[in-house]
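Chains A and B are the protein sequences, given in the same order.
Under the numbering used here, think of the first position of the first sequence as 19, with each following residue one higher.
Under the numbering used here, think of the first position of the second sequence as 450, with each following residue one higher.
These are computed hints drawn from the structure, not numbers from a lab.
Treat each hint with caution, since some may be false.
[Stated by the list, open to error] No more than 35 Å apart at the CA atoms, straight line, and that leaves these computed lysine-lysine pairs for DSBU-like:
1. B:K470 to A:K196
2. B:K559 to A:K196
3. B:K569 to B:K524
4. B:K569 to A:K196
5. B:K524 to B:K470
6. B:K524 to A:K196
7. B:K586 to A:K68
8. B:K473 to B:K524
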Amino acid sequence: MVTVDPVAPRETRPRLPVADVRWSTVLAPVAVGVLFVLGWEALVDRADIKPFILPAPSAIWDQVTANRDSIVSGARVTGSNALWGMLGGTLLGVVGAAVAGTFRFVDQMAAPVVAALAVIPIVALAPVLYSMFGAAVNSGRIIVAGISVAVPVYLNTLRGIRQVRAVHRDLMAAYAAKPLQVIRTVTLPTATPYVFTGLRIASSLAVISALIAEYFGGPIGGLGKSITSSAASSNYPLAWAYVTGAIVLGLLFYVVTLLAELWFSRHQPAP
Amino acid sequence: MNQVVTEPAISVTGVRRVFGKGRKQVVALDDVDLSVADGEFVSLIGPSGCGKSTLLRLVADLDSPTAGTLEVFGKPARRARLDQDYGIAFQQAGLLPWRTVAGNVELPLKLHGVESATRKGRVAELLELVGLADFAKNHPDQLSGGMQQRVAIARALAESPRLLLMDEPFGALDEITRERMQNELVRICAETGAAVLFVTHSIPEAVFLSDRVVVMSPRPGRITGVVDVRADGLAGAHDRTERARDQEGFFRAVADVRSLLHGTPVPTVAVDGLEK
Numbered sequence: 019m020v021t022v023d024p025v026a027p028r029e030t031r032p033r034l035p036v037a038d039v040r041w042s043t044v045l046a047p048v049a050v051g052v053l054f055v056l057g058w059e060a061l062v063d064r065a066d067i068k069p070f071i072l073p074a075p076s077a078i079w080d081q082v083t084a085n086r087d088s089i090v091s092g093a094r095v096t097g098s099n100a101l102w103g104m105l106g107g108t109l110l111g112v113v114g115a116a117v118a119g120t121f122r123f124v125d126q127m128a129a130p131v132v133a134a135l136a137v138i139p140i141v142a143l144a145p146v147l148y149s150m151f152g153a154a155v156n157s158g159r160i161i162v163a164g165i166s167v168a169v170p171v172y173l174n175t176l177r178g179i180r181q182v183r184a185v186h187r188d189l190m191a192a193y194a195a196k197p198l199q200v201i202r203t204v205t206l207p208t209a210t211p212y213v214f215t216g217l218r219i220a221s222s223l224a225v226i227s228a229l230i231a232e233y234f235g236g237p238i239g240g241l242g243k244s245i246t247s248s249a250a251s252s253n254y255p256l257a258w259a260y261v262t263g264a265i266v267l268g269l270l271f272y273v274v275t276l277l278a279e280l281w282f283s284r285h286q287p288a289p
Numbered sequence: 450m451n452q453v454v455t456e457p458a459i460s461v462t463g464v465r466r467v468f469g470k471g472r473k474q475v476v477a478l479d480d481v482d483l484s485v486a487d488g489e490f491v492s493l494i495g496p497s498g499c500g501k502s503t504l505l506r507l508v509a510d511l512d513s514p515t516a517g518t519l520e521v522f523g524k525p526a527r528r529a530r531l532d533q534d535y536g537i538a539f540q541q542a543g544l545l546p547w548r549t550v551a552g553n554v555e556l557p558l559k560l561h562g563v564e565s566a567t568r569k570g571r572v573a574e575l576l577e578l579v580g581l582a583d584f585a586k587n588h589p590d591q592l593s594g595g596m597q598q599r600v601a602i603a604r605a606l607a608e609s610p611r612l613l614l615m616d617e618p619f620g621a622l623d624e625i626t627r628e629r630m631q632n633e634l635v636r637i638c639a640e641t642g643a644a645v646l647f648v649t650h651s652i653p654e655a656v657f658l659s660d661r662v663v664v665m666s667p668r669p670g671r672i673t674g675v676v677d678v679r680a681d682g683l684a685g686a687h688d689r690t691e692r693a694r695d696q697e698g699f700f701r702a703v704a705d706v707r708s709l710l711h712g713t714p715v716p717t718v719a720v721d722g723l724e725k
């Protein structure tokens, strides 16, 4: 009686597409990286470049291994500033976009402020914030990271909220769904991939902002502070070692966000 | 929900819908009268822009008429929407891609606060009805177009509505899938006994599925005639079988609808022009 399309039920939940990555896509960039480092080493060695201009990778690596504890603890300080900033900024961005997406006048009122925030180099606010909150606490740095995260998250989420399909809107109307039900059932899930696009941009911004904010003062211990102080004491390979730590930290933020994005948007077409 | 229904499922009187203002004004519907009895299957057919989808949206209260009244089971359309007196399916299945098949079917029940155990039973029943019981935990992106549309139909039936509104639900499907879906729809309608207002632009589809086919013409959208398929010698829509497609009455009704669409007068008893 009942006819079923001749398709066997497939695996119910597709896993992360990580397993689909081919070896060549991993090997190629690794090969480029190795060649780059070897070339760098050879260049510094042959051309006899002084360490204050460009230290050799081997010298930097020596410093990394020798100061591993200090780099890790620095990354922890900077990383926690970036993380708190990112959480706060994301919350602000998403809630702000939900409000602006619901009430058109809020969107119009907020547009110039958001544009201004996007244009101001947020990090330049760091010295002002240090004098507001006191130079002994990390609040200023967290706020700097938070604002720089909130802007791209807000803009992308708002764009995502506008992508709700007409048929879904009609459906919700036909079900006489209440405004909050519509937001929860249709609007936020539609916007999710866009939120993550914003987060992906924001993740590296958060680390960069938290790092640069340390250049302008505040408590010591973070990677940014360590970079400036080792450069100031002419220990260039050590400064580069801290920079390496910062790169790893930034990558970590980026990759974790990317994985979260893949997981959450596994049933949606990419925006 | 289960009131004794004496009034027609849909009653449309003098409805007019105008889009835009001033010189850009477009009359989508003009002076439309239509009545769909309880349990009756009525199709709206006509070329693009004849206002058939607009009329369905008005009945669903997704849009408001410029003039005239629409009643669903004797209530104003808005009241009927708020009371969830109808189920609806669109040309696009419109499933939520982040929910499973079961999650999509139970959506209306969930939104209206039906408790979890009841929902579960009802969803199993509905998926059985549309032949997708094995796919409950799949996501829509893993299903074919026809299967997605069946999920959408199951969702429309979730609250056992006495009226189904369908806006070209099979429009995007290939011919083979389409005929199979039509057979299933006939079976489902016979099982549920619901009245259906069905928008299509396929003449055979309209004739095969319906008790009556309402033919519309564009600019301004008007009803040009109604073909009573039963008067052409076909069984009532609920008792129809696949074989109806090969019966003489089927071809007679198709010819009637076609001549109404193309505007040539036909001397057939089945065509009684504007109803009422």
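Straight-line alpha-carbon gap K470 of chain B to K196 of chain A, limit 35 Å:
31 Å, holds
Would you check the hint for K569 of chain B and K524 of chain B, treating anything up to 35 Å between C-alpha atoms as holding?
Cα-Cα ~31 Å, so holds.
Run the distance test for K559 of chain B versus K196 of chain A: straight-line Cα separation, threshold 35 Å.
Since the Cα atoms of K559 of chain B and K196 of chain A sit roughly 12 Å apart, the hinted pair holds (cutoff 35 Å).
Starting from K569 of chain B, check that the Cα of K196 of chain A is at most 35 Å away, please.
23 Å, holds
Holds or violated: are the alpha carbons of K586 of chain B and K68 of chain A at most 35 Å from each other?
64 Å, violated
Sort out whether K196 of chain A lies within 35 Å of K524 of chain B, counting only the CA atoms.
Cα-Cα ~21 Å, so holds.
Is the straight-line distance between the alpha-carbon of K473 of chain B and that of K524 of chain B 35 Å or less?
Holds - the C-alpha atoms of K524 of chain B and K473 of chain B are around 33 Å apart, at most 35 Å.
Mind checking the alpha carbons of K524 of chain B and K470 of chain B for me, to see if they're no more than 35 Å apart?
Measuring from Cα to Cα gives roughly 30 Å; hence the hint holds.
In summary, the structure is inconsistent with hint 7 from the numbered list given earlier, while agreeing with all the others.
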